[in-house]
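Which chain is which? The protein sequence lines are A and B, in order. Heads up: the first sequence begins at 1 in the working numbering, then just goes up one per residue. Heads up: the second sequence begins at 1 in the working numbering, then just goes up one per residue.
I should point out that these hints are in silico values taken from the structure, not numbers from a laboratory. Beta carbons are placed, not taken as given, at the ideal position from N, Cα and C, and that holds for glycine. There are no misleading hints in this set.
Calculated Cβ distances over 10 Å to all of chain B for the following chain A residues: (1) Asp32; (2) His45; (3) Glu58; (4) Thr131; (5) His162; (6) Arg179; (7) Gly181; (8) Leu183; (9) Gln196; (10) Cys200; (11) Glu207; (12) Leu208; (13) Ala214; (14) Asp224.
Pair ranges (Cβ atoms, derived): (15) A:Pro67 x B:Asp120: 23 to 33 Å; (16) B:Glu31 x A:Pro198: 48 to 58 Å; (17) B:Arg118 x A:Cys65: 18 to 28 Å; (18) A:Ala210 x B:Thr131: 55 to 65 Å; (19) A:Ala187 x B:Thr131: 50 to 60 Å; (20) A:Asp158 x B:Thr131: 25 to 35 Å.
Here are the chains, one letter per residue:
Protein chains: 2
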Amino acid sequence: MNDSVDEALVVLSGGQDSTTCLYWAIDRFGEDCVSSVTFDYGQRHRIELDCARRIAAEAGVSNVCLPIDTFAALGGDALTDASIAVGEAAGTGTELPATFVAGRNLIFLTFAAAYAYRHDIRHLVTGVAQTDYSGYPDCREETMAALQNAIRLGMDSDVEIHTPLMHRSKKETVELAVRLGALDAMALTHTCYNGQQPPCGRCAACELRAKGFAAAGVPDPLLDAQ
Amino acid sequence: MNDSVDEALVVLSGGQDSTTCLYWAIDRFGEDCVSSVTFDYGQRHRIELDCARRIAAEAGVSNVCLPIDTFAALGGDALTDASIAVGEAAGTGTELPATFVAGRNLIFLTFAAAYAYRHDIRHLVTGVAQTDYSGYPDCREETMAALQNAIRLGMDSDVEIHTPLMHRSKKETVELAVRLGALDAMALTHTCYNGQQPPCGRCAACELRAKGFAAAGVPDPLLDAQ
Numbered sequence: 001m002n003d004s005v006d007e008a009l010v011v012l013s014g015g016q017d018s019t020t021c022l023y024w025a026i027d028r029f030g031e032d033c034v035s036s037v038t039f040d041y042g043q044r045h046r047i048e049l050d051c052a053r054r055i056a057a058e059a060g061v062s063n064v065c066l067p068i069d070t071f072a073a074l075g076g077d078a079l080t081d082a083s084i085a086v087g088e089a090a091g092t093g094t095e096l097p098a099t100f101v102a103g104r105n106l107i108f109l110t111f112a113a114a115y116a117y118r119h120d121i122r123h124l125v126t127g128v129a130q131t132d133y134s135g136y137p138d139c140r141e142e143t144m145a146a147l148q149n150a151i152r153l154g155m156d157s158d159v160e161i162h163t164p165l166m167h168r169s170k171k172e173t174v175e176l177a178v179r180l181g182a183l184d185a186m187a188l189t190h191t192c193y194n195g196q197q198p199p200c201g202r203c204a205a206c207e208l209r210a211k212g213f214a215a216a217g218v219p220d221p222l223l224d225a226q
Numbered sequence: 001m002n003d004s005v006d007e008a009l010v011v012l013s014g015g016q017d018s019t020t021c022l023y024w025a026i027d028r029f030g031e032d033c034v035s036s037v038t039f040d041y042g043q044r045h046r047i048e049l050d051c052a053r054r055i056a057a058e059a060g061v062s063n064v065c066l067p068i069d070t071f072a073a074l075g076g077d078a079l080t081d082a083s084i085a086v087g088e089a090a091g092t093g094t095e096l097p098a099t100f101v102a103g104r105n106l107i108f109l110t111f112a113a114a115y116a117y118r119h120d121i122r123h124l125v126t127g128v129a130q131t132d133y134s135g136y137p138d139c140r141e142e143t144m145a146a147l148q149n150a151i152r153l154g155m156d157s158d159v160e161i162h163t164p165l166m167h168r169s170k171k172e173t174v175e176l177a178v179r180l181g182a183l184d185a186m187a188l189t190h191t192c193y194n195g196q197q198p199p200c201g202r203c204a205a206c207e208l209r210a211k212g213f214a215a216a217g218v219p220d221p222l223l224d225a226q
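The whole structure should be built from the sequences, with the hints applied where relevant.
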């Protein structure tokens, strides 16, 4: 055991779930042992990157932003079809950005693991959950277990992937955030599929978020902040 | 079973091993069912990208080049240390580029799998081998098996990762290349750690390559081509 084994890196998207995970990590590992990484993968809502930075600052932890230009190339087939510029790939109208690709969380966590490896950080924390997102195979518990195994073998490491929200509903995630004192940071998060601030309140993401706060009996600080 | 299940995507680096794998895939799946992907991850020897393109053309298969800007950011810590420009990270003096990160093959294959998923390609082919590279944990057979499992779960797919060179020595790889008619393409490959063309002949990569050809009793077409 060396000093570094209890450091944790949180994959912070700027949303409600990863913000809750950041406070979970601080609670478990201590503020001084937690850092965060955010991926700039060409997401449509650039505001997420600002949110992540502000949330990390609010929580008192560092935030590294790593670029990934591959999703845009994969998503739009821009490299195989010269008529499509990488930046022009059409949006889907859902929370999935134009650059969504299968297994995106595999990439995020593998890059996070590579960063963690280099910085002697053993623990990775991600906000994936199979409760409300069962349609996403890269959010499932068994996928995370398999990925942890692949990363351990591939990097010869004892990295541990933590998924504190895996089996929590949105209501339970809000309750966890309250317990962890994460509500102030929650006012800085971004959820709206339409990228609006204040949030549109009508899209599926806004509705899901509102439902979670209502079920927990807690006012959403993001709305209070407006 | 649909028409697409027997298509294969080869991760083509422009080197001897992946070129042999390209011909292995053509032999197994047929030229019309094989395509190749090359990653532009900021490698020091840009010549590799040209080699890959020329080798694919020689073999009569398509070649897609996908960018990955993340390794440079990870490798040089350029994003956490403003004094280091991404392009300036120091080289290591070995075959590892300045941008080498742990588990790089995990990333290559996961992106290849994402591309394959989008194009209904089931088979991935990579030139990793544990025979001559036992020091690289992300080249081992058990790592590849674990990664295949993680990708299958994460993408809900039945992708298959093929590693035809896994247990072959350099000599055996040369013999395989001869059997597969890959020698003409071998003249287009790039191996030299020093990025020289004609190859320096003195670096560890040139020496390993020369040893393999000598042991197989085959003249290296790359040297003949000079």
